Amino acid sequence: MDFSKPTIEYAQLWPMLVVFGVACLGVVVEAFVPRERRYLTQAALAVVGLAVALGGSVWVGTDLKELKGAGDAVARGKLAAEGTLAVDGPSVFIWALVLVFAIGGVLLFAERRLEAGVSAFAGQAAALPGTEAEREASTRGLDHTEVYPLLMFAVGGMMLFPTANDLLTMFVALEVLSLPLYLLCGLARRRRLLSQEAALKYFLLGAFSSGFFLYGVALIYGFAGSMQFADINEAVRNDTSNSALLLIGMGMLAVGLLFKVGAVPFQAWTPDVYQGAPTAVTAFMAACTKIAAFGALLRLFYVAFGADRWDWQPMLWIIAILTMLVGSVLAVVQTDMKRMLAYSSVAHTGFLLTGLLGVQAASALGKDEITSLQAVLFYLATYGPATVGTFAIVTLVRDAGGEAPAFSKWAGLGKRSPLAAGAFAFLLLSMAGIPLTGGFVGKWAVFAVALSAGAWPVVIAAIAASVISVFFYVRVILLMFFAEPDRDAGVESAAVTTPSLLTSATIAVCVAATLFLGVIPGPVLDLAGNAGSFIR
Amino acid sequence: MNDFPILTVLWVVPLLGAIGIAFGPRGVIAKQAALVVSLATLVIGVAAAVQFDRDGSGFQLEETHTWIEAFGVHYALGLDGLGLLLVLLTVALVPIVVLAAWNDSPDDECKPWFAWALALEALSLVVFLATDVFLFYVVFEATLIPAYFLIGGFGRAKRSAAALKFLMFQLGGGLVLLGSVIGLYVVSADEGSPSYLFDDLQQLDISTSAGRWLFAGFFIAFAIKAPLFPVHTWLADTTEQATPPTSVLLVCVLDKIGTFGMLRFCLGLFPEASEWATPLVVVLALVSIVYGAFVAIGQDDILRLIGLTSLSHFGFITLGIFVFTNQGANGSILYMVNHGVATAALFLVAGFVIRRRGTTLISRMGGLEKVTPVAAGLFLVAALATAGLPGLSQFVSEILVLISAFDYRWYVGAIAVTGIVLAAIYALWAYQKMFTGPKDAALDAEVSAGGEGVVDLGRRELAVLAPLMLALVLFGFYPAPLLDVANPFSEQLLEHTGVHDDGPRVPAEAAHDGQSEDH
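Sequences listed follow chains A and B, in order. 243 is the number that the working numbering gives to position 243 of the first sequence; each next residue is one higher, with no gaps. 380 is the number that the working numbering gives to position 380 of the second sequence; each next residue is one higher, with no gaps.
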């Protein structure tokens with residue numbers, strides 16, 4: 001048997017390789033650099049690595065060659081690594097988004113002023129909670145600096161995920177991005193049992209959903225005889241004999257991916273994990289995982305199963321409607337800020353799915369009409385800053401016991417710290433989709449494509465869900481600005497701790513980005529539009 | 001001078017003023033600045049009105065720039081007769097309201113109110129100026145933020161619940177409207193390149209069923225805004241809890257957006273659907289007229305009462321819009337202005353009285369006439385204006401609406417007329433109970449003690465009310481300037497809707513000829 005050396009398109013793939021390389025370098029640093037210097041080394045390495053990769057993504061993105069896609073759709077990009085990866089406009093757009101919010105994540109990871117000189121991560125994760133070992137680790141001021149390489153590996157996986165052009169690569173990427181996240185979730189310095197429970201729950205359910213995904217891969221291979229999306233697409237077009245295999249396989253793959261984005265009925269892990277994980281991890285995970293997973297969902301359904309739209313669109317209609325309604329209704333009854341944000345992120349998944357199911361043939365679109373891909377990409381760009389920003393502000397609101405996410409402690413915060421409360425209110429308004437914020441334009445875009453594709457029942461449900469979600473966002477604003485802390489009940493109210501520049505800069509950028517996307521959405525919308533469609 | 005973007009300046013000035021006040025120093029300087037800014041805005045508004053050509057057609061002083069190309073959205077402002085009147089109403093009311101709110105809260109805490117009030121003015125002006133539906137929607141929703149903080153931050157004990165209720169109703173309506181706004185994009189994009197410009201949308205060929213669905217979204221949002229029965233329940237709760245100057249901004253400026261939207265968008269974009277919906281809308285308007293008046297009679301809280309009278313008046317305005325006659329439309333436009341003036345006067349006098357008596361309950365006032373005769377007299381004038389007394393401005397608009405209602409169907413007019421009778425009852429009854437009769441014990445005690453509650457209106461308060469009273473009388477006797485501005489707009493609108501004025505002055509043959517020319 002001949003063995004020919006595979007060609008790797010380094011010119012297109014190097015941003016991803018930089019991220020993986022820095023991750024490996026981080027492991028080496030962990031082994032050889034003295035403990036007291038690790039924090040600075042690791043944090044700097046991660047930021048520089050991500051920044052270089054971001055610059056690289058922009059460079060790769062501007063350099064992509066235009067291909068003639070199917071029909072009139074313009075696509076630009078290149079198949080790489082023997083066709084297992086597709087570096088095209090949408091995937092590079094998602095790279096950039098993931099990298100931007102990952103930088104925000106690293107800055108939040110590196111915050112040490114809030115916990116009086118240590119990070120928000122456990123001093124020694126292996127020490128049992130409440131034991132002597134834990135106390136010792138805490139008095140010695142130990143820090144887990146492994147979080148930075150873990151984050152880098154996760155980011156690498158997130159870049160690989162939407163780029164994967166066959167099912168196996170997609171599965172590998174899914175695991176690469178998930179495993180570090182499971183670990184990160186369990187590393188909280190405070191409320192460690194809650195954190196470990198969250199990690200275990202996330203891991204068990206995540207592993208279970210990976211199993212579904214893998215089984216789906218096998219069934220689709222049985223149907224199409226290939227792992228490649230292009231071949232699957234061919235098979236879907238031409239082969240009608242094995243539709244049972246196709247439908248079951250498609251359903252299983254959908255389970256795996258919908259779990260990652262937290263769609264109903266696979267949302268149960270979201271509130272527990274978002275609540276238990278260290279808030280910096282929640283911020284990173286909530287934004288970047290969703291962005292990457294939507295990239296993969298888009299590619300899987302648009303490229304591999306694009307010809308079988310009529311089969312999966314009804315399924316997504318139902319899931320989108322359920323996700324929006326369940327997410328927003330359950331958010332109403334929460335009394336914990338992180339859980340409320342978790343359910344709101346479930347609702348946002350529903351809005352994103354609304355955009356995803358609004359796909360139409362290029363010929364059915366008007367000349368200058370926005371495409372569903374463009375709408376979803378833009379929505380992701382607005383969802384990221386709002387999410388990272390809100391969770392970053394949650395890390396600031398503290399009482400004697402650390403972070404204080406309970407609603408009762410937020411009462412009257414607007415009077416004590418108008419700046420932080422104002423920023424939080426603004427980001428919530430963006431999530432609620434109030435005009436002049438990024439969230440509004442995003443919502444407009446996904447609703448428009450869904451309505452254009454005739455999915456008006458979904459849009460009506462989305463509007464109903466928006467009304468419900470406005471209620472719980474506005475209630476928080478009411479709580480912060482117009483409520484008095486309930487002193488009779490003995491509730492100690494939380495105050496905003498002044499963070500270091502790292503967190504304040506992250507919040508400031510998120511607020512600025514949200515405002516910018518709301519007032520001048522044109523450039524980013526055009527960028528998402530110029531990304532073109534997926535290549536095969 | 002022609003290229004000078006006066007309409008942009010018109011809304012940017014109060015907005016910058018609001019930002020400056022919000023981040024500026026505390027104390028008296030904040031409200032002085034607010035007064036100066038609002039007066040400057042008034043001057044700019046008048047300057048724009050001077051440039052406005054009353055005989056011109058379509059939008060004037062237009063500014064159009066592309067904003068979001070992918071959505072076909074423009075930053076486009078323009079002024080027509082309807083917009084001009086509402087802009088003038090807004091810029092005239094805000095200085096009055098600023099002066100009225102002068103002593104509502106301590107100097108140290110007054111800053112946010114004035115900042116939010118100016119922000120609300122700025123955004124409301126954009127609403128009346130926008131000639132791009134997307135821009136309109138954006139500011140339509142954005143006005144809710146200052147309004148929310150005005151209600152939630154200032155007023156009585158249950159204001160935060162009232163603010164939440166207000167916002168939920170408004171945003172609910174807003175999201176329904178969003179559905180229709182997006183629908184317009186889809187229709188527009190299907191026909192070629194998408195555009196949200198009002199003039200482009202008017203050219204669209206919208207299918208009957210699509211037009212009706214889109215109309216429904218617009219109408220529901222505007223009915224909540226205006227408000228009409230049965231989506232009016234936020235109104236009385238809000239006016240009860242908010243301070244009277246806030247209520248003036250809400251009812252006299254913000255709520256006008258609802259009826260403004262019906263004229264501009266419902267009739268302007270969906271003439272067929274508007275006609276189709278007329279029976280239902282007329283019924284809702286009649287229910288609002290009669291029900292609002294009845295409920296107002298039963299109120300013991302003067303601020304709730306005034307809020308509910310507005311429900312009745314908005315019923316009249318809506319009725320005038322949907323009978324599709326020239327007089328009806330003119331009457332409605334006039335009504336918007338006159339209602340703004342009369343209700344503002346009523347709210348503000350009531351606010352001054354409440355401040356003196358420390359209660360909003362009508363039953364706990366009484367006998368005030370003898371100690372504060374000026375306040376009593378001015379309240380009576382404002383109340384009679386609300387009740388449609390001839391010689392005061394609201395009468396003219398009411399009579400125009402009623403004539404066209406009788407033209408439409410005699411029984412519609414007959415039911416609407418009862419609204420005037422009921423208005424006389426609630427207005428006079430409220431006056432009687434608040435101001436006439438014997439002084440009650442508390443008032444007596446205060447008179448003998450010479451307390452604050454028995455001092456008649458001061459110079460500031462008179463300065464607030466004088467322009468309103470003047471306008472009530474002036475437009476009562478001489479409504480021509482308003483009509484001159486409103487008339488070209490109504491004519492164009494009705495021409496566009498394709499409904500011919502079959503009023504009594506038009507001979508049957510002429511009307512018939514007019515129709516055959518169209519076909």
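For the record, the hints were derived by calculation from the structure and aren't laboratory data. Incorrect hints may have been included.
Simulated crosslink set (EDC-like; lysine to aspartate or glutamate; CA at most 20 Å straight-line) [what the hints assert, rightly or not]:
hint: 1; chain 1: B; residue 1: Lys370; chain 2: B; residue 2: Asp440
hint: 2; chain 1: A; residue 1: Lys367; chain 2: B; residue 2: Glu191
hint: 3; chain 1: B; residue 1: Lys165; chain 2: A; residue 2: Asp272
hint: 4; chain 1: A; residue 1: Lys5; chain 2: A; residue 2: Glu82
hint: 5; chain 1: A; residue 1: Lys415; chain 2: B; residue 2: Glu109
hint: 6; chain 1: A; residue 1: Lys415; chain 2: A; residue 2: Asp399
hint: 7; chain 1: B; residue 1: Lys439; chain 2: B; residue 2: Asp237
hint: 8; chain 1: B; residue 1: Lys370; chain 2: B; residue 2: Glu446
hint: 9; chain 1: B; residue 1: Lys433; chain 2: B; residue 2: Asp444
hint: 10; chain 1: A; residue 1: Lys367; chain 2: A; residue 2: Glu484
hint: 11; chain 1: B; residue 1: Lys439; chain 2: B; residue 2: Asp456
hint: 12; chain 1: A; residue 1: Lys65; chain 2: A; residue 2: Asp526
hint: 13; chain 1: A; residue 1: Lys367; chain 2: B; residue 2: Asp300
hint: 14; chain 1: A; residue 1: Lys65; chain 2: A; residue 2: Glu9
hint: 15; chain 1: A; residue 1: Lys367; chain 2: B; residue 2: Asp104
hint: 16; chain 1: B; residue 1: Lys158; chain 2: B; residue 2: Asp300
hint: 17; chain 1: B; residue 1: Lys158; chain 2: B; residue 2: Asp237
hint: 18; chain 1: B; residue 1: Lys433; chain 2: B; residue 2: Glu272
hint: 19; chain 1: A; residue 1: Lys367; chain 2: B; residue 2: Asp55
hint: 20; chain 1: A; residue 1: Lys65; chain 2: A; residue 2: Glu82
hint: 21; chain 1: A; residue 1: Lys201; chain 2: A; residue 2: Asp272
hint: 22; chain 1: B; residue 1: Lys158; chain 2: A; residue 2: Glu484
hint: 23; chain 1: B; residue 1: Lys165; chain 2: B; residue 2: Asp237
hint: 24; chain 1: A; residue 1: Lys367; chain 2: B; residue 2: Asp200
hint: 25; chain 1: B; residue 1: Lys370; chain 2: B; residue 2: Asp456
hint: 26; chain 1: B; residue 1: Lys158; chain 2: B; residue 2: Asp104
hint: 27; chain 1: A; residue 1: Lys415; chain 2: B; residue 2: Asp107
hint: 28; chain 1: A; residue 1: Lys415; chain 2: B; residue 2: Asp108
What you are looking at is a predicted structure, and each value in this text was computed from that prediction instead of being measured.
Satisfaction of hint between Asp444(B) and Lys433(B), Cα-Cα up to 20 Å
The given pair, whose Cα atoms are some 16 Å apart, holds under the 20 Å limit.
Taking only the CA atoms, is the gap from Lys439(B) to Asp237(B) under or equal to 20 Å?
29 Å, violated
Restraint check for Lys433(B) with Glu272(B), where alpha carbons must lie at most 20 Å apart:
48 Å, violated
With the threshold set at 20 Å, check whether the alpha-carbon distance from Lys65(A) to Glu82(A) stays at or below it.
Judged against 20 Å, a Cα distance of about 18 Å means the pair holds.
Agreement of Lys415(A) and Glu109(B) with the hint, judged by alpha carbon distance not exceeding 20 Å:
12 Å, holds
Hint consistency between Lys158(B) and Asp237(B) [alpha-carbon to alpha-carbon, up to 20 Å]
9 Å, holds
Given the hinted pair Lys415(A) and Asp108(B), is their alpha-carbon gap at most 20 Å?
14 Å, holds
Are the Cα atoms of Lys367(A) and Asp55(B) separated by 20 Å or less?
Cα-Cα ~38 Å, so violated.
Lys158(B) paired with Asp300(B) [C-alpha distance capped at 20 Å]
Holds, at roughly 17 Å.
Going straight from one Cα to the other, do Lys65(A) and Glu9(A) come out at no more than 20 Å?
OK: Lys65(A) and Glu9(A) at ~14 Å, within 20 Å.
What's the verdict on Lys439(B) and Asp456(B), does the C-alpha distance respect the 20 Å limit or exceed it?
15 Å, holds
Do the alpha carbons of Lys367(A) and Glu191(B) lie within 20 Å of each other, as the hint requires?
9 Å, holds
Hints 3, 7, 10, 13, 15, 18, 19 from the list above are not met by this structure, while the remaining hints are.
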